Amino acid sequence: MTPGVTDAVVTRGLTKRFRGGQVAVADLDLNVPQGSVFGFLGPNGSGKTTTIRMLLGLVSPTAGAVTLLGEPMPRSAAAALPRVGALIEGPACYPFLSGAVNLARLDAADRTADPATRHNRVNEALERVGLLAARGKRYKAYSLGMRQRLGLAAALLRPRELLVLDEPTNGLDPQGTREIRSLVRAVADEGSTVFLSSHLLAEVEQVCTHAAVLSHGKLVAVGTVESLRTAAAGHLVVRTPDVGLAVTTLRGLGIPDVSADGDQVTAAADSVPPEVACAALVADGVRVQALAVQRPSLEEAFVALTGEGFDVTE
Amino acid sequence: MSLSETIASTKPARATAASNHLGLLRSELTTLFRRLRTLAILTCLAGVPVLLAVAVKVFSAPSGPNDGPPFLYQVASNGLFVALTGLVVTLPLFLPLAVGVVAGDSIAGEASQGTLRYLLVVPTGRIRLLLVKLATVLIFCLVAAFVVALAGMAIGAVLFPLGPVTLLSGDTIGAGEAFARGLLVAGYLGLSLAGLAAVGVFISTLTDVPIAAMAATVTLAIISQIVDSIPQLHAVHPWLLSHYWLAFGDLLREPIYTPLIARGLALQLGYVVVFGLLAWARFSSRDILS
Chain H
363 MTPGVTDAVV
373 TRGLTKRFRG
383 GQVAVADLDL
393 NVPQGSVFGF
403 LGPNGSGKTT
413 TIRMLLGLVS
423 PTAGAVTLLG
433 EPMPRSAAAA
443 LPRVGALIEG
453 PACYPFLSGA
463 VNLARLDAAD
473 RTADPATRHN
483 RVNEALERVG
493 LLAARGKRYK
503 AYSLGMRQRL
513 GLAAALLRPR
523 ELLVLDEPTN
533 GLDPQGTREI
543 RSLVRAVADE
553 GSTVFLSSHL
563 LAEVEQVCTH
573 AAVLSHGKLV
583 AVGTVESLRT
593 AAAGHLVVRT
603 PDVGLAVTTL
613 RGLGIPDVSA
623 DGDQVTAAAD
633 SVPPEVACAA
643 LVADGVRVQA
653 LAVQRPSLEE
663 AFVALTGEGF
673 DVTE
Chain R
522 MSLSETIAST
532 KPARATAASN
542 HLGLLRSELT
552 TLFRRLRTLA
562 ILTCLAGVPV
572 LLAVAVKVFS
582 APSGPNDGPP
592 FLYQVASNGL
602 FVALTGLVVT
612 LPLFLPLAVG
622 VVAGDSIAGE
632 ASQGTLRYLL
642 VVPTGRIRLL
652 LVKLATVLIF
662 CLVAAFVVAL
672 AGMAIGAVLF
682 PLGPVTLLSG
692 DTIGAGEAFA
702 RGLLVAGYLG
712 LSLAGLAAVG
722 VFISTLTDVP
732 IAAMAATVTL
742 AIISQIVDSI
752 PQLHAVHPWL
762 LSHYWLAFGD
772 LLREPIYTPL
782 IARGLALQLG
792 YVVVFGLLAW
802 ARFSSRDILS
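Chains as they are written, first to last, in my numbering: chain H, 363 to 676; chain R, 522 to 811.
Everything labelled a hint here was simulated from the structure, so no lab data went into it.
Predicted model, so just to flag it, every value in this text is computed and none were measured.
No residue lacks a Cβ here, since even glycine has one placed at the ideal position from N, Cα and C.
Please note that a few of the clues may not be correct.
As the list claims (entries may be wrong) - Restraint ranges, calculated between C-beta atoms of paired labels, are given here:
id : chain 1 : residue 1 : chain 2 : residue 2 : range
1  : R       : His542    : H       : Arg379    : 33 to 41 Å
2  : R       : His542    : H       : Leu494    : 23 to 31 Å
3  : R       : Ile777    : H       : Arg490    : 55 to 63 Å
4  : R       : Ile777    : H       : Asn485    : 49 to 57 Å
I would like the entire structure built from these sequences, with the hints used as guidance.
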């Protein structure tokens, strides 16, 4: 790896305005630390794919700069891209060619790849995604899941310093999703950086170390997954038969957002330590059956950041 | 071994760069010729001289030079003429159609299929990909013309006698030399389609819809021939793609009359350069959104 470069991907002021005037990505500053598994989150249409296409030199930015593995893009694409494996908006292959021939064609297009080792590397990549048995089958006979795996195999044809995976588990069954997850972990353990775009938050929560959230082309949050989750407000939940009393006590402590539902009282966490709240409840004679601080899932944090419904904003 | 060392060790020496360019061309050619559509087009092209020869064999031979397409009346006496007749018959529409399909599909087909983005992030290099595509379509032009010629010679040899051929200049040459002249005509016509191929590749960089690029390319070939047939428009005739196509007759003289052949080839080269540059200008800066 190039010495002195600590981030696999750096963008500064990255902006893409399409000819119609629509701004897909606005002033994006992103740092993807080397060796991280970086989740790139955002609802459909938030600019994730346009960003990925700019990172890989497929789309030229209207403004701003991209540095990929220390190389400026798209100027030094020839130096940077052989070290990058990518799956962009689903797999795409020649339907009339077999999986192995499709991979060999992509490898033949790479002028830095050694033709002598091609056969072995194709087989290794196919084996890694569990497609070795289907190597001679034509792509058009592949199921959606098999196609997705073949796309991943193409990204793994050579050892890569960076893997860019755009929705890699789309169309996969639960087993397939798990396999991809373990594959991502294995690649990360080898020291590669993984840039994973997804709208499946459970996915990101399980494999990613870092995440960024994009909404309407703008970065709304970025950091470690842990910090994103805790940034969203947690809840203090108390279960008790003495609901009315508990509400009075908690309000008396100055805790905001206190509400009751059945035998459960919910309040905002973090304004008062839970052990203080608990002691106050018990002192007031509230029979506390359970008391817990619930941290929101990444999904709740995500919705809080990007808005709930199906509204399409211009 | 660290990851970067592994990556460095998989990097071949500079010396293999040339062989890697050839590797991409080979991959492109096998992809094209493995495709059912390409094989179907070539089969149909080969079927034209076969149809001509069988028709002449089964029914009566034409009574004179004005009965049917040029050279047809000589087919029954000499099988080598099947190839020439086949080329003349396929030249106005069938050959341009074949070239239009392959050239129109070259970039737009990859774009609509989504394989273009993967080829580019390999990275293939946009200029390199464009050059390989252009080379592939040019090779296809030659293959298409030779398929017609060779199929015609083969069926001609099976159904009719072979013998000395009287050239347009009145000289007579042996069957062996006539065979060579036939291949020369096929080569000239193959190269005469090069300009159309370059136009097709350029159009193909403008769209993600391959069928649109194919139709536009074939349309231009037809327009060129229509304009070429209007005497009032003679000022533009020397610049038309199809203007020197029929100059192949000069290859059937003794000695070969070269001025029009040379002008035809120079014109095709001009088209390849101009439209190759236009394609490069368009393709090198285009946003790949498919």
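Here is how each hint holds up against the structure:
1. Between His542(R) and Arg379(H) the beta carbon distance is about 36 Å. The supplied range of 33 to 41 Å therefore holds.
2. At roughly 30 Å, the beta carbons of His542(R) and Leu494(H) sit within the given window of 23 to 31 Å.
3. In this structure, Ile777(R) and Arg490(H) meet the distance hint of 55 to 63 Å, their C-beta atoms being roughly 60 Å apart.
4. Roughly 53 Å separates the CB atoms of Ile777(R) and Asn485(H), a value that falls within the hinted 49 to 57 Å.
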